[in-house]
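Asks: As a plain string of letters, each chain reads:
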Amino acid sequence: AQSVAQPEDQVNVAEGNPLTVKCTYSVSGNPYLFWYVQYPNRGLQFLLKYITGDNLVKGSYGFEAEFNKSQTSFHLKKPSALVSDSALYFCAVRAHRDNYGQNFVFGPGTRLSVLP
Amino acid sequence: SAVISQKPSRDICQRGTSLTIQCQVDSQVTMMFWYRQQPGQSLTLIATANQGSEATYESGFVIDKFPISRPNLTFSTLTVSNMSPEDSSIYLCSVMFGLNTDTQYFGPGTRLTVL
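Protein sequence lines, in the order shown, are assigned to chains H and Z.
Each residue of the first sequence is one higher than the last, beginning at 1 in the working numbering.
Each residue of the second sequence is one higher than the last, beginning at 1 in the working numbering.
Treat each hint with caution, since some may be false.
In silico contact screen, one side only, chain Z against chain H (beta carbon under 8 Å); selected entries [as the list claims (entries may be wrong)]:
hint	residue
1	Ser42
2	Leu43
3	Leu45
4	Asp102
5	Thr103
6	Gln104
7	Tyr105
8	Phe106
9	Gly107
10	Pro108
11	Gly109
12	Leu112
FRET-style restraints, in silico, Cβ to Cβ [stated by the list, open to error]:
hint	chain 1	residue 1	chain 2	residue 2	range
13	H	Pro7	Z	Leu115	19 to 29 Å
14	Z	Cys13	H	Pro40	33 to 43 Å
15	H	Gly62	Z	Asn82	44 to 54 Å
16	H	Tyr61	Z	Pro8	27 to 37 Å
Derived from the structure by calculation, the hints contain no laboratory data.
Idealized CB from N, CA, C, for every residue including glycine.
Please model the entire structure based on the sequences and the hints provided.
Replies: See below:
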């Protein structure tokens, strides 16, 4: 069965500093990996995904993530954090070629606070 | 990009009543899903809404409690029946475009409080 771990409930970073939000996963077969962001009182917004190809993927709002197969990780990064990046971040995994939806598993979420 | 809307955006309901949540997309989609996000928790898939047939429910969710309709390629409803305070959550619909796509896009959510 697929699973996603986000080991940090909360990440605090100063504005202008680089940020990392960690994600590790467990899945049989090749994974499809996703990051979503949820702002207060909003739905989830898609940030980026890894399907195949380059291990470093770039997404919206200057975010990027690095797929590491040997470490089964997909950490979200940004070189310079903004206060407006403060939100709840979810990592998700879907096993390649599995039934749509049923195997889309979300991590518990990490709350990012960027301090001015 | 497509616009996904949900109605109502929030509601406060009494125990024992039912609430129907609507999800509308401004373009045709292949897949529609309903999720629940309990306070302080991650997302849990309730069911896949199938056009013209019964929804496919995940373990722990049943049709009598969460009846779902999907009459066409752009619209679905989720009803939360005989509500209790434990049903207080954010309910989100998500969609996928095309059979070979891989990304789910989410609506803004419906925040439900049951007293």
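Asks: Okay, Tyr61 (chain H) versus Pro8 (chain Z) on CB: inside 27 to 37 Å?
Replies: holds, 29 Å
Asks: For the hint on Asp102 (chain Z), does the least C-beta distance to chain H fall short of 8 Å?
Replies: With a minimum Cβ separation of about 5 Å from chain H (threshold 8 Å), the hint on Asp102 (chain Z) holds.
Asks: Quick one, is the Ser42 (chain Z) hint okay against chain H at 8 Å, beta carbons?
Replies: holds, 5 Å
Asks: Between Pro7 (chain H) and Leu115 (chain Z), does the C-beta distance stay in 19 to 29 Å?
Replies: Violated: the Cβ-Cβ distance is about 36 Å, outside 19 to 29 Å.
Asks: Could you check if Thr103 (chain Z) really has its C-beta closer than 8 Å to a C-beta on chain H?
Replies: Given a least distance of 6 Å, the restraint on Thr103 (chain Z) holds.
Asks: So does Gly62 (chain H) sit 44 to 54 Å from Asn82 (chain Z), Cβ to Cβ?
Replies: Since the Cβ atoms of Gly62 (chain H) and Asn82 (chain Z) sit about 46 Å apart, the hinted range of 44 to 54 Å holds.
Asks: Does Leu43 (chain Z) hold up as a contact with chain H if the rule is Cβ-Cβ below 8 Å?
Replies: holds, 5 Å
Asks: Let me know if the C-beta of Gly107 (chain Z) comes in closer than 8 Å to any C-beta of chain H, holds or violated.
Replies: holds, 5 Å
Asks: Is the shortest C-beta separation between Gly109 (chain Z) and chain H less than 8 Å?
Replies: holds, 5 Å
Asks: Given Leu112 (chain Z) as an interface hint, is the shortest Cβ-Cβ distance to chain H below 8 Å?
Replies: violated, 13 Å
Asks: For the hint 33 to 43 Å, verify it against the beta carbon of Cys13 (chain Z) and that of Pro40 (chain H).
Replies: violated, 22 Å
Asks: Take the shortest C-beta to C-beta distance between Phe106 (chain Z) and chain H; is it under 8 Å?
Replies: Hint holds; Phe106 (chain Z) Cβ to chain H Cβ min 4 Å, cut 8 Å.
Violated hints, listed in ascending order, are 12, 13 and 14; each of the other numbered hints is respected by the structure.
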